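The chain contents come next:
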Amino acid sequence: MSHVIAKNVVVEFPVYAGKSLSFKSTLIRAATGGRMARDASDRVVIRAVDNLSFELREGDRVGIVGHNGSGKSTLLRTIAGAYEPVSGSMEVSGRFATMLSIWLGMDLEATGYENIFLRATVMGLRRAEIEPLADEICAFSELGDYLHMPLRTYSSGMAMRLAFATSTGFPADIILMDEWMSVGDTDFSQKAQDRLRKMIDQAKILVLASHDDALVKKNCNRIMRLDHGKMVELTERCN
Amino acid sequence: MQSSAPSNLSLAIKDFKDGVVGVHIWSTLGWQEIRLRYRRSLLGPFWLTLSTGALIAGMGPLYGKLFGQSLATYFPYLAISFITWTLIASLINECSNAFIAAEGYIKQIKLPLTLHILRVVWKNVLVFAHNAVIIAVVLIFYPPEVGWHLFQAPLGVLMIAVNGVWLGLLLGLLCARFRDIPLIIASVVQVGFFLTPVMWKAGTLGSLGWAAQINPLFHFLEIVRTPLLGSSASLRSWIAVLLVTVVGYAVTLLVFSRYRARIAYWV
Chain G
1461 MSHVIAKNVV VEFPVYAGKS LSFKSTLIRA ATGGRMARDA SDRVVIRAVD NLSFELREGD
1521 RVGIVGHNGS GKSTLLRTIA GAYEPVSGSM EVSGRFATML SIWLGMDLEA TGYENIFLRA
1581 TVMGLRRAEI EPLADEICAF SELGDYLHMP LRTYSSGMAM RLAFATSTGF PADIILMDEW
1641 MSVGDTDFSQ KAQDRLRKMI DQAKILVLAS HDDALVKKNC NRIMRLDHGK MVELTERCN
Chain E
428 MQSSAPSNLS LAIKDFKDGV VGVHIWSTLG WQEIRLRYRR SLLGPFWLTL STGALIAGMG
488 PLYGKLFGQS LATYFPYLAI SFITWTLIAS LINECSNAFI AAEGYIKQIK LPLTLHILRV
548 VWKNVLVFAH NAVIIAVVLI FYPPEVGWHL FQAPLGVLMI AVNGVWLGLL LGLLCARFRD
608 IPLIIASVVQ VGFFLTPVMW KAGTLGSLGW AAQINPLFHF LEIVRTPLLG SSASLRSWIA
668 VLLVTVVGYA VTLLVFSRYR ARIAYWV
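Read top to bottom, the protein sequences are chains G and E.
If you use this note's numbering, the first sequence corresponds to residues 1461 to 1699, in order.
If you use this note's numbering, the second sequence corresponds to residues 428 to 694, in order.
To be clear, the hints were calculated from the coordinates, so they are not data collected in a lab.
Be aware that one or more of the hints could be misleading.
[As the list claims (entries may be wrong)] One side only, chain G facing chain E, incomplete, derived with CB under 8 angstroms:
{"#": "1", "residue": "Arg1537"}
{"#": "2", "residue": "Ala1540"}
{"#": "3", "residue": "Gly1541"}
{"#": "4", "residue": "Arg1555"}
{"#": "5", "residue": "Thr1558"}
{"#": "6", "residue": "Asp1567"}
{"#": "7", "residue": "Val1582"}
{"#": "8", "residue": "Glu1591"}
{"#": "9", "residue": "Arg1685"}
[Unchecked claim] In silico PhoX-like cross-links for lysine-lysine, where the CA-CA straight-line distance does not exceed 25 angstroms:
{"#": "10", "chain 1": "G", "residue 1": "Lys1690", "chain 2": "E", "residue 2": "Lys441"}
{"#": "11", "chain 1": "G", "residue 1": "Lys1677", "chain 2": "G", "residue 2": "Lys1690"}
{"#": "12", "chain 1": "E", "residue 1": "Lys537", "chain 2": "G", "residue 2": "Lys1690"}
{"#": "13", "chain 1": "G", "residue 1": "Lys1651", "chain 2": "G", "residue 2": "Lys1678"}
{"#": "14", "chain 1": "E", "residue 1": "Lys537", "chain 2": "E", "residue 2": "Lys628"}
{"#": "15", "chain 1": "G", "residue 1": "Lys1664", "chain 2": "E", "residue 2": "Lys537"}
{"#": "16", "chain 1": "G", "residue 1": "Lys1467", "chain 2": "G", "residue 2": "Lys1664"}
{"#": "17", "chain 1": "E", "residue 1": "Lys492", "chain 2": "E", "residue 2": "Lys628"}
{"#": "18", "chain 1": "E", "residue 1": "Lys441", "chain 2": "E", "residue 2": "Lys534"}
{"#": "19", "chain 1": "G", "residue 1": "Lys1651", "chain 2": "G", "residue 2": "Lys1664"}
{"#": "20", "chain 1": "E", "residue 1": "Lys444", "chain 2": "E", "residue 2": "Lys534"}
{"#": "21", "chain 1": "G", "residue 1": "Lys1658", "chain 2": "G", "residue 2": "Lys1678"}
{"#": "22", "chain 1": "G", "residue 1": "Lys1658", "chain 2": "G", "residue 2": "Lys1677"}
{"#": "23", "chain 1": "E", "residue 1": "Lys492", "chain 2": "G", "residue 2": "Lys1467"}
{"#": "24", "chain 1": "G", "residue 1": "Lys1664", "chain 2": "G", "residue 2": "Lys1677"}
{"#": "25", "chain 1": "G", "residue 1": "Lys1467", "chain 2": "E", "residue 2": "Lys537"}
{"#": "26", "chain 1": "G", "residue 1": "Lys1651", "chain 2": "G", "residue 2": "Lys1677"}
{"#": "27", "chain 1": "G", "residue 1": "Lys1467", "chain 2": "E", "residue 2": "Lys628"}
Just so you know, these numbers come straight off a predicted model, no measurement behind them.
All residues carry an ideal CB built from backbone N, CA and C; glycine is no exception.
With the hints as constraints, model all of the structure from the sequences given.
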C-alpha cells in the first residue's frame, strides 16, 4: 500500500543573514513568499509550510496550486523526504520518482549511456534493475550513437531528452512533479507526453505542483490550494 | 527539533546504517568523480601520482640534507609520511565541504546524509591507492624489514578512513551551518603539516617529544608509517588512535542525532 500521511507538518527555514533585518513587528505578511516570523530563540525564520495535515491514498491525483512562494515546492520536497518537518510528521510508503530535478546525478563529462546509470543510481536503483530498462531508455531518447558521447556535446534539447527518458524510465508508486514536464520538438514532445501519461497512469499517487489551474483541473482529482504555506482550500473532484 | 530525543538517536543511527548499506551509490559516485576529472587526459588519475612523486623526489634529497639524514632512511620516511598526510589532509578538507557540495542532492531527494560523507572518504581512499604506487616504488629501492608488521599498514589506512567518516559527519555539519569554518579548517590543516612530524621526525624534538605525542594526527601517521619502515607501530599510537575513534564516534553520534534533520535547511 502506497500512502502519504502528513500530520501538522511545519517546515521553517532559518535565515541567518536575516538576523540584522529590523522588523516593525515580529510578523510581516507579504503578498508572496512564506510567512516570516521569529522563532523561540529570536531568529528570523520563514515558515514555508504551516501546519499541514492530509492523507493521500492510492488513486489520488493531487494538484497543489498557489502563487509563487506559497510553499508548493517545499511541500513536494518535504514529501520527498529531503526536508524533515520542524514539527509534525510526514509518513510515506512506496517507491518514489521525483521529477523535481530530473538532472540530479547527471554529469556533463560522462557519456549519455553512463548518465542513464548515474541518474538511476541516484534515484535508488541497483545496476541489476537498471540494465534491463536501459535499452528501452536509449531507444526512446532517439539519441543513437550520441549515447556514447559525453553529455557536454549534446544540445540542450538532446540533454533534456536523455534526462526525461531516464527519469521516466523506471516505474514508481508515487510521482512528485513540480510543473508538468514538456520536452523536445513537436514529434518528440507528443511521444514524451504519452510516456509521461503512461507512467503517471501506472503510478498509485501523483502529486503535481503547478500554478496552472487548468492543467491541474484536467489531471487531478484532488486540488490543494496553498497560501503562505497554509492549506486554504481542498477540493475533491470526481473525474 | 521538537521530536523526542530517542527517536532522533535512532534516526541518526538509521541514517548511518542506510548510508553504509548504500555502498553501490557512494562507490559509484566516488569512483565517477575520479574517472571524470581526468577523462580527457592521457594518464588520468595517475597525474596525481606523478606530481606527488615529483614533489617527493625533489624534497627527499633536499630535506634529507637539511635534517642531516642519509637518503636511505629519510627518503622512504618522507614518501610514506607525505602521502599518508595527503590522505589525512584532503579527507579533513573535503569532508568539511561534503554537505555543502552535496547541496543539490540533499535538497532534492532523500538519501542518507552519511552517504555523502562516505562518497568523499571513498574518493580519497582511491586517490591514496594511486599515490601508494610511489610508496611501493620507494620500498622496492629501500626495502623494509619483511614481517607481519607490514600488514599493520593497510589496517592503519583503514583506521584513517574509518575516522574520516565521523570527522566528515561532524565537520560537514558544522561547516554547513557556519560557513567560516571550512576556511579556518583549511588554515589549521596547512599549519598542521608543519607542526606534525611529517617531514621531520618526532625523535628530533628531544625533551619536547610530548608536543608530537599529544597530536592525534601524529599517531594516525605512525600506524601507517612505522610498519612500512620495518617495525610495529608503538602500542601507544594504536591506543591513541582507538581512543580518538571511540570518542570521535560518540561525540559525532550526539551532535549528529541532534542536528541531522537541520542539515537540509542549512546547506
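Structure-based check of each hint:
1. Arg1537: Check passed: Cβ of arginine 1537 of chain G comes within 7 angstroms of chain E, closer than 8 angstroms.
2. Ala1540: 6 angstroms, holds
3. Gly1541: Because about 3 angstroms separates glycine 1541 of chain G from the closest Cβ in chain E, which is inside the 8 angstroms limit, the hint holds.
4. Arg1555: At about 12 angstroms, which exceeds the 8 angstroms cut-off, the nearest Cβ of chain E leaves the hint on arginine 1555 of chain G violated.
5. Thr1558: With a minimum Cβ separation of about 6 angstroms from chain E (threshold 8 angstroms), the hint on threonine 1558 of chain G holds.
6. Asp1567: OK, holds: aspartate 1567 of chain G within 8 angstroms of chain E, min 6 angstroms.
7. Val1582: Given a least distance of 7 angstroms, the restraint on valine 1582 of chain G holds.
8. Glu1591: With Cβ-Cβ at 13 angstroms, over 8 angstroms, it is violated.
9. Arg1685: 24 angstroms, violated
10. G:Lys1690 with E:Lys441: 31 angstroms, violated
11. G:Lys1677 with G:Lys1690: 20 angstroms, holds
12. E:Lys537 with G:Lys1690: 24 angstroms, holds
13. G:Lys1651 with G:Lys1678: Holds - the C-alpha atoms of lysine 1678 of chain G and lysine 1651 of chain G are around 19 angstroms apart, at most 25 angstroms.
14. E:Lys537 with E:Lys628: 47 angstroms, violated
15. G:Lys1664 with E:Lys537: 20 angstroms, holds
16. G:Lys1467 with G:Lys1664: 21 angstroms, holds
17. E:Lys492 with E:Lys628: 14 angstroms, holds
18. E:Lys441 with E:Lys534: 19 angstroms, holds
19. G:Lys1651 with G:Lys1664: The given pair, whose Cα atoms are some 22 angstroms apart, holds under the 25 angstroms limit.
20. E:Lys444 with E:Lys534: Distance of about 21 angstroms is within 25 angstroms: holds.
21. G:Lys1658 with G:Lys1678: Holds, because 15 angstroms separates the two Cα atoms, which is no more than 25 angstroms.
22. G:Lys1658 with G:Lys1677: Roughly 18 angstroms separates the two Cα atoms, so the pair holds.
23. E:Lys492 with G:Lys1467: Since the Cα atoms of lysine 492 of chain E and lysine 1467 of chain G sit roughly 71 angstroms apart, the hinted pair is violated (cutoff 25 angstroms).
24. G:Lys1664 with G:Lys1677: 18 angstroms, holds
25. G:Lys1467 with E:Lys537: 19 angstroms, holds
26. G:Lys1651 with G:Lys1677: Status holds; Cα separation ~22 angstroms.
27. G:Lys1467 with E:Lys628: 61 angstroms, violated
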